[in-house]
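Undergrad: Position one of the sequence shown corresponds to residue 5 (the working numbering), numbered consecutively onward.
A few of these clues could be false.
To be verified - Computed list of lysine-lysine pairs in BS3-like fashion (alpha-carbon distance at most 30 Å, straight line):
#, residue 1, residue 2
1, K181, K340
2, K273, K229
3, K220, K181
4, K191, K313
5, K181, K284
6, K191, K181
7, K181, K226
8, K220, K201
9, K6, K313
10, K201, K191
11, K30, K313
12, K201, K329
13, K30, K329
What the hints assert, rightly or not - Label-pair restraints from in silico Cβ distances:
#, residue 1, residue 2, range
14, D218, A425, 51 to 59 Å
15, G51, E103, 38 to 46 Å
16, E232, G363, 40 to 48 Å
Bear in mind the hints are in silico, worked out from the structure with no lab data behind them.
Every residue gets a Cβ at the ideal spot worked out from N, C-alpha and C, and that includes glycine.
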Amino acid sequence: MKIALIGSDVPMLLPAMLADLLFAGKETGAQVAAEEGNPAMREVLQGYGDAVFRRAGARPGSFTVTGSRQEVLDGADCLVYAGDPQAASCFFMDRSALESDEEGDPGLTDQARVNGGIEGLLHAMRAGREILRLCDAMDENCPGALVINLGQPMARTTAVFLNRGYRCFGLGRTPMKGASGVDTYAKRLRIPPENLKAETAGLPGFAFLTEIRDGKSDLMGKLKKAAENGELGSLSRRWLGWWDAIPAGDVTDHAEFLPAQPDYIPEEKPEFGETVEKRKERILYMNTVREQGADSREGAMAQLLLLSKAPPVRPMRLALALLRKETAEIPAVTRKNNGTMPQLPGEAVIETTLRLDNGEEQKREIRVPEALAEILNEVDGANRLAALAAAGDRGAVREYVETDPALGGLDRLYCQDVVEALITQNEEILRFAQDDTLN
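Input sequences plus hints: build the corresponding full structure.
TA: Written out as structure tokens, the structure is:
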């Protein structure tokens, strides 16, 4: 089994991925190849990975870090993609462009969003163009590889892989965690972890709780009552009134896909990947494992600290379940709908629990209130148009601006002009022709 790791967030995710592969997954003989362009970082990652492989006794397994994409992809059974090209610098450049020069007029800064609206389109186009270049390399070196996608915006980057014909599953910011996450709801309702039964369904970053039980007792009504009373926040109360549904996950993610909300302001400085401080800390711990060995007291302590600070997404567990054809239940997996949510098109990119039986998805139907299904269809349509726009489809760009629910209440013709200007500003990355206009 060969697993390729590509993307700027791979170093941050590496400790948990290797732990899940070698210790939790007990995989022997695995070949892991990671792409890293920085020679100094290659040395850190190589030494760290070698120490972890030695600790696991994983031989004749191997770990290789290289700057050669072809070497990483050659013969890979699975690709874990965790990239987001120039996300921070481009976001802040676009946000500045969306501001107004007129005093007292913020312009379209509300559209400076990571996942939805105008900047969500540009983000998806930049990320998608990089994925398409990656797919070109995969076509030559591992055309049958399974893809586990961690790239943002999750629904849109997953759609890019799917449009290129790859079998792709994604893991985004989990609806199980956070102030409006399933875990928080369970604590509020005092459900013991061993009794918790919960289900979420919807789209990546736009998922909703469809079931929450304490053993056999259905507690959804009790949770809705708390939302009606404003105990879960003003956004949750408003959306319950609109759609008869409780959001699962970070409500700020949900709001990014909707028109401007009176009590929601997008983050001015969202985080993309690790902060500089966290990166320095991670490198320090990795170097300790590399130099002292994972068997030593110092190395073991550094490894525990690395794992304690790892993001909650577990791509290697999902990859192993699919590759080894396991029977498993994995919450909040992004994938093509294929009838799981029959109120949405079969091509929709959804997020629900993935139930596997011998590696095959168990077909089932999840229905949501009709009002919720309507907005899910609108957001999904925008997501898939953004994926087409990333492939250079100018008609999809126009249709996105005309139909994206996040642009509700705005002058759509003016928004077309703004999007055109931002595409020109991002042209070096997007590589659209100078004379290829929206008009």
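Undergrad: Decide, hint by hint, whether the structure agrees.
TA: Now the hints, each set against the structure:
1. A distance of roughly 23 Å separates the Cα atoms of K181 and K340; the hinted pair therefore holds under the 30 Å criterion.
2. Proximity of K273 to K229 is assessed by CA-CA distance (about 34 Å); at most 30 Å being required, the pair is judged violated.
3. Of the supplied pair hints, the one linking K220 and K181 holds, its CA atoms being roughly 23 Å apart against a limit of 30 Å.
4. Taking the CA atoms of K191 and K313, the gap is near 22 Å; set against the 30 Å cutoff, the hint holds.
5. Taking the CA atoms of K181 and K284, the gap is about 26 Å. The hint holds against a cut of 30 Å.
6. Distance restraint check for K191 and K181: the Cα-Cα separation of roughly 12 Å lies within the 30 Å cut-off, and the hinted pair is therefore satisfied.
7. Between K181 and K226 the alpha-carbon distance is near 20 Å, which keeps this suggested pair within the 30 Å criterion.
8. Proximity of K220 to K201 is assessed by CA-CA distance (about 9 Å); at most 30 Å being required, the pair is judged to hold.
9. Annotation: proposed proximity of K6 to K313 holds, straight-line Cα distance about 26 Å (limit 30 Å).
10. The straight-line distance between the Cα atoms of K201 and K191 is roughly 13 Å, inside the 30 Å bound, and the hint therefore holds.
11. For the proposed pair K30 and K313, the alpha carbon gap of about 22 Å is at most 30 Å, so the pair holds.
12. With a C-alpha separation of about 24 Å, the suggested pairing of K201 with K329 holds against the 30 Å cut-off.
13. At roughly 15 Å between alpha-carbon atoms, K30 and K329 fall within 30 Å of each other, so this suggested pair holds.
14. For D218 and A425, the Cβ-Cβ distance of about 53 Å falls inside the hinted range of 51 to 59 Å, so the restraint holds.
15. A beta carbon spacing of about 45 Å between G51 and E103 agrees with the range 38 to 46 Å that was offered as a hint.
16. In this structure the hint that E232 and G363 lie 40 to 48 Å apart at CB holds, the actual value being about 42 Å.
Going down the numbered hints, you'll see the structure goes against just number 2.
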